[in-house]
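Peer 1: Listed below, chain by chain, are the residues.
2 protein chains.
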Amino acid sequence: MYYAEFSKKFETISGITITPFKKDSKEIDWNGVKDNVEFLIKKGVKVIVPCGNTSEFYSLTIEEAKEEIKRVVEYVNGKATVLAGIGYSVGTAIEMGNYAKQVGADSVMIHMPIHPYITNEGAIEYFKNIIEAVDLPAVIYFKDPDLSDEILFQLAPLERLVGVKYAVNDLPRFAKAVQTVPVEHNVTWICGTAEKWAPFFSNAGAKGFTSGLVNLYPEKSFEMLEALQSNNNEAAWKVWQEVLPFENLRAKYNNGNNVAVIKEAMKQIGLNAGVTREPVAELKAEDKIELRNLIDAWGLTPQSVN
Amino acid sequence: MYYAEFSKKFETISGITITPFKKDSKEIDWNGVKDNVEFLIKKGVKVIVPCGNTSEFYSLTIEEAKEEIKRVVEYVNGKATVLAGIGYSVGTAIEMGNYAKQVGADSVMIHMPIHPYITNEGAIEYFKNIIEAVDLPAVIYFKDPDLSDEILFQLAPLERLVGVKYAVNDLPRFAKAVQTVPVEHNVTWICGTAEKWAPFFSNAGAKGFTSGLVNLYPEKSFEMLEALQSNNNEAAWKVWQEVLPFENLRAKYNNGNNVAVIKEAMKQIGLNAGVTREPVAELKAEDKIELRNLIDAWGLTPQSVN
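For the protein sequence lines, the chains are A and B, in the order given.
The first sequence runs contiguously to residue 362 in the working numbering.
The second sequence runs contiguously to residue 362 in the working numbering.
The following block holds chain A by itself, in its conformation from the complex (with noise of 0.2 Å):
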């Protein structure tokens, strides 16, 4: 019961957390993190992701990973459903998720394992025996198209599985996947891919999604939270069409600019993003001139941003 309740906490959009670093030691800017937590907070965000990938979880140390989850609670302060990132091997997301149990954490992602080889029948052990250890409802991230589904449907009856993000962007295998996992076992069905895929995803049967856009322009991923969330079309598409450019530009160089625009983004609008770890580059020129177009004619001007 405690776990059918809880997955309805995704019904939502999972706000993913940047990580703020200093701009030339790259530490991580703690002052930052609670500041971007509280503008979250302050706007109405109900899941909030640490160690996410558009936080740069792979850029940080196991140690600063579990720091980060403990911040983020502390600063959350129970305001907000937090769902803490954890991954690497099963022994390592282990220790991460006990961790995040200990320090008040309410569920954990678990992110793909990032092994260059694996099976189906071991990725289903990998996440079995990473659920099976960590006394919290979980969350699946699931993002490669190389797995089987089948992953998902063995996984399912699990009691602390409670939801998916679905991160593979073919929408007949996600409505598949969507119609064979049983209702009754509680799994809450998340597109994994931000508002330029969410109406599509939500259509499949998709109850929420995930957003980085939300650390700079909540209104604007609430708008399409709600009108997904009322059936209402030309609402959506609207919406829609408005961010499409925004998260066309963070798909750019292969998702390279994924974290690089919102970084840069949240800088030209005045918030607290500092800069990008290694393997992530600032962005380029002539990116940053068409991202302060995109957000003059959002209107997000320093002055509107209160």
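Calculated directly from the structure, the hints in this document are not laboratory data.
Nothing here was measured: the structure is a model prediction, and the numbers come from that model.
Heads up, a few of these hints could be off.
One copy or two, either will do: identical chains are not told apart, so a pair holds if it fits within one copy or between any two.
[As the list claims (entries may be wrong)] Straight-line alpha carbon distances no greater than 27 Å define the calculated DSS-like cross-link-like pairs of lysine-lysine that follow:
id	residue 1	residue 2
1	K99	K340
2	K252	K82
3	K184	K64
4	K184	K79
5	K126	K308
6	K82	K122
7	K308	K98
8	K199	K308
9	K65	K82
10	K340	K102
11	K344	K102
12	K82	K184
Place chain B on chain A using the hints.
Peer 2: Same frame as chain A, but now just chain B:
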């Protein structure tokens, strides 16, 4: 001068060690690691690589990976060049690299960054910062086809960069890269995709290749090396024909079988391979039979191993 000489050490087979795990606990079997390293040394392998992908690097915790480097250095005992795999975030890679130096590894192989969002400029900074911080000759493991070879061209002048393990099977691209980097930069090009691709890479300028097969059938790997080094095409194609079904079995399920085939083959011929860890499952029954037939055809019955 030191680095120029050092780079020549990779004009051979780089033997990627497997990591044997115990059947139930899935702990590392250090006796197994020792047995396998001693087998490689006895068979004349001159470059030994702990923490490569075939070592299931990403299934190890950071602490286990560091211990694997330490133990392999100890077991090799100066009889071969140890090329220690390091990776993850810049901070973690530097920590692992400095540890490798401290425990006596000869050189480091830097894995690709695992971040899903990579820019070419960011990747250059990633490798550069690691190479500059770790005082050992370095090899870059270049595996992501979406990144540009410009990364290698920018890094090639670094004195410590002595080799590139190239694992993108695009031969015109590889040949162009080899021809673009000046010889005086002392970069040894290594075929990163083993015996199946070694003849093609050799033709295009590779001076060595990595091997998993070497863990069980080093004689065959050396036949390939000698054929390529003496430009004996006929001999090279003969070996290639013999190993192709084995390498194709490893490539099955989008390379999901990569490690499992090596471990199962070692087990079948009486070597100490242990089981795989998640997210790699053991070989399917039909693949085990196919593998057994290959091993029988090679005459690698347990009695013939010495």
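Peer 1: Now tell me if each hint is right for this structure.
Peer 2: Comparing the hints with the structure gives:
no.: 1; hint: K99 to K340; result: neither (30 Å within a copy, 51 Å between copies)
no.: 2; hint: K252 to K82; result: neither (30 Å within a copy, 42 Å between copies)
no.: 3; hint: K184 to K64; result: within (22 Å within a copy, 45 Å between copies)
no.: 4; hint: K184 to K79; result: between (40 Å within a copy, 18 Å between copies)
no.: 5; hint: K126 to K308; result: neither (32 Å within a copy, 41 Å between copies)
no.: 6; hint: K82 to K122; result: both (17 Å within a copy, 25 Å between copies)
no.: 7; hint: K308 to K98; result: neither (31 Å within a copy, 50 Å between copies)
no.: 8; hint: K199 to K308; result: both (18 Å within a copy, 20 Å between copies)
no.: 9; hint: K65 to K82; result: neither (34 Å within a copy, 36 Å between copies)
no.: 10; hint: K340 to K102; result: neither (33 Å within a copy, 44 Å between copies)
no.: 11; hint: K344 to K102; result: neither (30 Å within a copy, 50 Å between copies)
no.: 12; hint: K82 to K184; result: between (35 Å within a copy, 15 Å between copies)
Checked against the numbered hints above, the structure violates hints 1, 2, 5, 7, 9, 10, 11; every other hint is satisfied.
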